[in-house]
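**Q** Using the sequences provided together with the hints, build the complete structure.
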Amino acid sequence: DTAVSQTPKYLVTQMGNDKSIKCEQNLGHDTMYWYKQDSKKFLKIMFSYNNKELIINETVPNRFSPKSPDKAHLNLHINSLELGDSAVYFCASSQLTQGGETQYFGPGTRLLVL
Amino acid sequence: GDSVTQMEGPVTLSEEAFLTINCTYTATGYPSLFWYVQYPGEGLQLLLKATKADDKGSNKGFEATYRKETTSFHLEKGSVQVSDSAVYFCALSSDSNYQLIWGAGTKLIIKP
Chain A
104 DTAVSQTPKY
114 LVTQMGNDKS
124 IKCEQNLGHD
134 TMYWYKQDSK
144 KFLKIMFSYN
154 NKELIINETV
164 PNRFSPKSPD
174 KAHLNLHINS
184 LELGDSAVYF
194 CASSQLTQGG
204 ETQYFGPGTR
214 LLVL
Chain B
864 GDSVTQMEGP
874 VTLSEEAFLT
884 INCTYTATGY
894 PSLFWYVQYP
904 GEGLQLLLKA
914 TKADDKGSNK
924 GFEATYRKET
934 TSFHLEKGSV
944 QVSDSAVYFC
954 ALSSDSNYQL
964 IWGAGTKLII
974 KP
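Read top to bottom, the protein sequences are chains A and B.
Each number in the numbering used here corresponds to the 1-based position in the first sequence with 103 added.
Each number in the numbering used here corresponds to the 1-based position in the second sequence with 863 added.
For the record, the hints were derived by calculation from the structure and aren't laboratory data.
Just to be clear, a hint being listed does not mean it is correct.
Computed list of lysine to aspartate or glutamate pairs in EDC-like fashion (alpha-carbon distance at most 16 Å, straight line) [claimed, not checked]: (1) B/Lys923 with B/Glu879; (2) A/Lys144 with B/Glu905; (3) A/Lys143 with B/Glu879.
**A** Right under this line is the structure:
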């Protein structure tokens, strides 16, 4: 059983298109995250949700819009895709929002914008 | 603000060599410290963690000790294998800011 799953695994699209990435966790966790990893492997937190409520919204273009229909799902919609959006996007979850909590990561979605 | 600094890679070693990847941090209070590993083409997974000073985290032959006096959490392994080739991330979190603060990652290459 996959703990944190993401779809699709690969996404190749043209500039200007709109796309969505879906994430689901079956760990019963309350908190979910989206990260962006660039080509140099640098990780940047984008959003965090706790029990369907947004709690972290880092400096991210408003073309990125997360949605959490329930606490097991956190989707990421991206409008008007740009070349610089090409990256690997990781979803993660953790039980609580406190220090010391382990985050569990999905396998990543590799987005390439042409 | 809180920050994590880890040694730049890539680090290239021969199989069975001793590994050290340095990690130092800046934080107020008493953060928890983590090492995550990312194997090629995969997501990150927790390798080990320590939640208070002098704690030692260990897993899969890797160890790291939380040193408050030197604000360090260096990763060590006595004898690396080709299968250890991956990117290793040091990170911290605190109760005042539960977000993980990440280092830049260190790519490790083990040659047979």
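**Q** Against each hint, give a clear statement of whether it holds in the structure.
**A** Consistency of the hints with the structure:
1. B/Lys923 with B/Glu879: 14 Å, holds
2. A/Lys144 with B/Glu905: 12 Å, holds
3. A/Lys143 with B/Glu879: Violated, because 27 Å separates the two Cα atoms, which is more than 16 Å.
Hint 3 alone, counting from the list given before, is not met by this structure.
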